[in-house]
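Chains as they are written, first to last, in my numbering: chain A, -10 to 535; chain B, 29 to 400; chain C, 35 to 464.
No wet-lab data here; the hints were simulated from the structure.
We treat Cβ as the ideally placed atom computed from N, Cα and C, and that holds for glycine.
Mixed in with the good hints, there may be bad ones.
Only pairs whose alpha carbons sit at most 25 Å apart, straight line, appear in this in silico PhoX-like list of lysine-lysine [stated by the list, open to error]:
hint, chain 1, residue 1, chain 2, residue 2
1, B, 104, C, 152
2, A, 107, A, 151
3, C, 352, C, 75
4, A, 306, A, 511
5, A, 292, A, 306
6, A, 511, A, 343
7, A, 104, A, 231
8, A, 209, A, 483
9, A, 300, B, 193
10, A, 249, A, 209
11, A, 359, B, 193
12, A, 249, A, 468
13, A, 231, A, 525
14, B, 229, C, 167
15, C, 252, C, 278
16, A, 163, A, 468
17, A, 29, A, 300
18, B, 229, C, 152
19, B, 104, C, 134
20, C, 75, B, 104
21, C, 278, C, 167
Rough simulated footprint, nothing fancy, chain B against chain A, three-plus residues with beta-carbon under 8 Å [to be verified]:
hint, stretch
22, 351 to 359
23, 372 to 382
24, 403 to 417
Given next are the chains, with one letter for each unit.
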Amino acid sequence: MVTFKRSYAKAFLMLNPLKKILLRRESSKRSRSAAARKPKLGEILVRAEGICKGFPGVWEHLILDRINFDVKSGEVHALLGENGAGKTVLANILSGFYSLSKGRIYARGKPISIKSPKDALEHGIGMVHQEFTLARPLTVAENVALGLAESNFSFPLSKVEKRIRELSDRYGLKVDPKARVEELSAGEQQRVEILKTLYHEPEVIILDEPTSVLTPEESKRLFSILRAMAREGRGVVFITHKLEEVMEVSDRVTVLRLGKLIGTRKTSETNRRELVRMMMGREVTFRPKRKPVKLGEVALEVKDLHVLDEKGLLAVKGISLTVREGEILGIAGVAGNGQSELVEAITGLREVIKGKVLVFGKDVTNHSPKKLMEAGMVHIPEERRRMGVAEGMTSAENLIMKDYRTSPFSRWTFLNRSFITRHTERMVSEYDIMVPDLWRTETRILSGGNIQRLILARETWREPRLIVAVHPTYGLDLKALRHTHDLFLRLKEKGTAILLVSEDLDEVMSLSDRIAVIFEGKIVGTVDAARAKVEKIGLMMAGSKV
Amino acid sequence: MDVGEFVRLRLSQSMISKLPNLFMGYIRGLKRPLIESAFAIFVGLIVGALIMIIFRHDPIEGYISMLKGYGIFIAKRTFMTREFMFALAFATPYMLTALTFAVGVRAGLFNIGAEGQLYIGAAAASWMAAHVALPSGFHVFAVTVFAMLAGALWAVLPALLKIWKGVHEVISTIMLNWMAFYLVMYLAIYHLRGIWAHITKEALPTARYPVLAGSLTAVIFIALLVCIGVYIFLWRMHPGYELRLVGDNPDAARYAGMSISRAIFLSFIIGGLVAGLAGASLAVRPEKWGFHATLGDLMGYGFAGIGVALVGRNHPIGIIPAAIFFGGLAHSGRFMEFDIRISSELVGAIQGVIIIAMALPGLLALIRRKAK
Amino acid sequence: MDNEGVAKTTAIAIVIIIIAAAVIGAYVATRPPVKPPAVFKIAVVSDIGGRGDLSFNDMAFKGGDDAERDFGVEMKEIISMVEADYVPNLRTAALDPDVKLIVGVGFLLTHALIEVAKEFPDKNFVGIDTFTKWVDPQPNLLDVVYEEHKGSALVGALGGLLAAYYDKPYIGGVFGIEIPVLWKFEIGYKWGCDWAMGWIENNKPEMKRGIYNTPRDKRVLYDYTGTFSDITKGYLTAVPMYEKGAVAVYNIAGPLGLGINSAVKDIATRDRLKAGPPFWIGVDANQDWINPGFVIASMMKRVDYGVYYATKLVLENKFREAVAEYGNEIVLGIGTTVLGIPMEGISVSTLADLDEFIKMGVKAEELTGEPVLPGPPEWIKEKVAEMRDNQPAWIWGAVAELESKIRTGAVEVPLAVTENAVKEWRAILG
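Kindly generate the complete structure, drawing on both the sequences and the hints.
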């Protein structure tokens, strides 16, 4: 099946010469604009004026309401806001993925119309998406080539590969151009996305939460790349909800809240406190308070676990760990070091070839996910859209995915609609999930943050005894993040054991009692979170022995 | 608070406030498919009219003749119930074979095995109805159940091949369709025949479904009940919920601890049961109470079911009007041929254009799902 | 995502639709006035295959055309694509108030005709080759059947005489599936050959050679192929017959005749023959034009006459009377009459009726867009005439003698429709 899809995609690549002929007119236009003068530093490259956006069906409140925004040559411009603030929508409009309902966009002072991502690239605007837009069966180089007009029948993959190596060397984005995308971890895929856009050498590059799957080290590298690009005269738009990153890298910052422009500040002239106020409408404190909890019995025990990855290579090489009731064990590590395989093996989704998994003392190695659920384990998965929900089904149906078998959710195999409605309504209000209609809205249209809240609600409402959570706050805004952290801590206090796998070191540090660092399929060290230092963990994540 | 006030208050809280919302919700949910379908049929009719003009036929007369398939404007009468019942007679097997396909799609399958399962169901029904003597009342029931089980049996093999060996259902069901074709033809000629070699033996009077009109039997009520039953199964029962979830996202289903194999198996079996019933509806009906050994009475319903399902958006309730639409269309061809001498091939082309136009939205949705 | 693109496409689509609607509107506005329909209509519902089969269906429609021409009625036609179409097609015809007679072509329509005849007691129904009489007779439903055994006897005699003349030991017959209908053909054919041997003994002693010296029960090579559609089987069955020395092979399996024809063509190419022997004998329609010079004659079953006569009966208000008088079935054959009117339906093809069937071939060519006739009509007629002239006149004379004897009842051709009768006759004639 995979080979079939692959050849199919390859056939698509073969059509590129045709595309080239059809696009000749436009590519000449592009070369003209490329030949135009180099922008002066500080010159406004792209300016958006009075941008409004409403999606069909939600006209009553605009997703973007009269937004003014500009990017100057040589600056890193941070776009800050909570989830649902409209940052991504604005970026998508600038890069041609969405059309705007109202407003104008100017490139170097001239009004332009952007109808497609291709148009945007021709005007020198490129975007790196948060959710991946890669063809999974193809290699990295093929994915990059897919977007190129100049590839032809002979298909200069070697040329593309060479260029990718150049770019990844230049920016330190370590990716094997010959690797297949489906075999890459989330972090690696993010790098491919960045490379794909960089390949076009855009004047303005927009990155939508690029650091969410990068290690602190990699983030730092990325920031220096952003700075380097800015120095070259490009404008960099950097979407984030992390204040620290804004303060570290940006020259200016624009804050959005609920589709409205709150203001633009020079980073040097503002401070964290002001930005938080702009973003949240009030100030918040970050570090959650923790009460000491008495540990209970061993909830999860993993002994000498060995697991293979997609390629048939050993990805988990003899990991042992234990999580007790009332404890949060954080697993820190750079994406692609065996976390995914470890979690899938523990949760019954991947075969364990050697070693044991015990839940509350019971051997559940290679048991089905259903058995594991019955043993008291819940799983908050890494790829929420791919695995966490069925996007074509309604929110209510997604909310009962784990409970539908039991009474009172169903009786005599009949689903109890009235109970489910009551239950899901409670979930929606308790977990603050924004759903237009429980029984009608396809989950597809929910935002990433809402889907994550939906999954959290579904998995945690029963106060399970053991949670295996991967990136539980990925893509959540500050408020929701804080809620989730509170939730996890509350559950912990009640005696839940939590295995927390995350690439967000901040999160691991602030929630965990102990932190195990994973590197190349092995636990390289476990440290007490209270006494751990970020630098030390960072070094361990990078593979250096302590 | 007096009683009247209390009642008013309760009403305003529950019924009166909720009812319009509920109603509008349904309308809103229906609006898009209805508008799409209306637009599609309009485009189809326009293209059909152009074809008629190109071949020098009058499109107005042509479409009036087409309406006759639905019992409208026949012999100077506005509506003829009896003719409409003929359209319903065609619609009955369409409804069921469409259900086979739709239940497959809901489980993420492209199950086109209805054709073969229908043949097997017809043979089983014919045998039980004509060659086995049973007390009246029970006999009809036995025929129905036996045909359904036989159809389901024929669906077991592709289901197991899919589950165990990953054999794609399109390939296995097409092969089994042909096997069923030749097997049933053989059975009809050598084992199911009565006095006449070219027709299977007629069903015993105890095994006959009550006739409503012409070739329309009470099976249509069973078919309608089955449609509603499948709807309830898919949306109100948890195995159906599992089936749809597997179809929408097998990864999520696995993650939720569901058995993907069981959902796929179930989808095939339900498909086989209803296709078998479609076979029974065709094998036990007037005027022969049997079927021709050439299988000409049975051919094509399984594949037409795919179109019906697409027009009905793969929804068990949507399939009902779609099947009636198809039934009328199937019946209308002869009127077009008879009234204005459009050749039967051209009639097929015109109907094909209309069907394709109507199936297009459903087809696109299916492709989108598959592409995902 | 690309909303403007979508909008543009939609706009173009709408413009196209508006233009199309305008074209249709203009067409409808300027359409010619509908001509008043004929008051008396007949309808012909074909069997599967429809027009262009050069046999049953085409002949039935030809009968309708002839009735249109002679009686001023209007013929309506409906093609059946599958068996399930029979009833709805018959009903469609019956629903037209002006249609007085509905003809179903082929025995497969038997049950459908009964069903619809019951529903429309005021309309008249005719089934060609049907057996409704045996299933459920209706007062408004008439079976039209043919004396194929007599026609087969005539071509059997022709074959026997030819075999004697060319000093060949056998004649042959390629049959379809062994169903009772075909026994009539088989025994009739064998009986005709046997009659010819008697004729030679009495009238042409010098022709006591070839087939005459073959034992009485070995003169006819015959085979039931078990198919009415596999043309290759016709070829494979005919080849050994010709190799053993059959002078002519009788086609009683519809399209398998084309297989027999291929076998004859092979021999003709090998031996550089311009005309037979070897010959083959056509069935149902006049098939002499298929391979002029090699089809000695055809046993014609005039389905067109059946439609024509039925129309005549209805027009003269004698239809119900005929149904009652003849027990729901009229027989068309040699010397047959219905209510005192001569109505025949079986004959050996002659040069005279070749024309009509060439016309049918031309029509089929127009319909299918593919060549059907082997050459120009004039050439075909010339070749067939030449072939016929090349056979001695006494042979044609003897066949004519048999025909008149059958007509007057001087001889009786056996009608074998039961298994026992067939067994008896096979014991005598092979």
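Hint check results:
{"no.": "1", "hint": "B:104 / C:152", "verdict": "holds (22 Å)"}
{"no.": "2", "hint": "A:107 / A:151", "verdict": "holds (24 Å)"}
{"no.": "3", "hint": "C:352 / C:75", "verdict": "holds (17 Å)"}
{"no.": "4", "hint": "A:306 / A:511", "verdict": "holds (6 Å)"}
{"no.": "5", "hint": "A:292 / A:306", "verdict": "holds (11 Å)"}
{"no.": "6", "hint": "A:511 / A:343", "verdict": "holds (14 Å)"}
{"no.": "7", "hint": "A:104 / A:231", "verdict": "violated (31 Å)"}
{"no.": "8", "hint": "A:209 / A:483", "verdict": "violated (38 Å)"}
{"no.": "9", "hint": "A:300 / B:193", "verdict": "holds (21 Å)"}
{"no.": "10", "hint": "A:249 / A:209", "verdict": "violated (30 Å)"}
{"no.": "11", "hint": "A:359 / B:193", "verdict": "holds (23 Å)"}
{"no.": "12", "hint": "A:249 / A:468", "verdict": "holds (18 Å)"}
{"no.": "13", "hint": "A:231 / A:525", "verdict": "holds (22 Å)"}
{"no.": "14", "hint": "B:229 / C:167", "verdict": "holds (18 Å)"}
{"no.": "15", "hint": "C:252 / C:278", "verdict": "holds (12 Å)"}
{"no.": "16", "hint": "A:163 / A:468", "verdict": "violated (33 Å)"}
{"no.": "17", "hint": "A:29 / A:300", "verdict": "violated (49 Å)"}
{"no.": "18", "hint": "B:229 / C:152", "verdict": "holds (21 Å)"}
{"no.": "19", "hint": "B:104 / C:134", "verdict": "holds (17 Å)"}
{"no.": "20", "hint": "C:75 / B:104", "verdict": "holds (17 Å)"}
{"no.": "21", "hint": "C:278 / C:167", "verdict": "violated (43 Å)"}
{"no.": "22", "hint": "351 to 359", "verdict": "holds (count 3)"}
{"no.": "23", "hint": "372 to 382", "verdict": "holds (count 8)"}
{"no.": "24", "hint": "403 to 417", "verdict": "holds (count 3)"}
Hints 7, 8, 10, 16, 17, 21, counting from the list given before, are not met by this structure.
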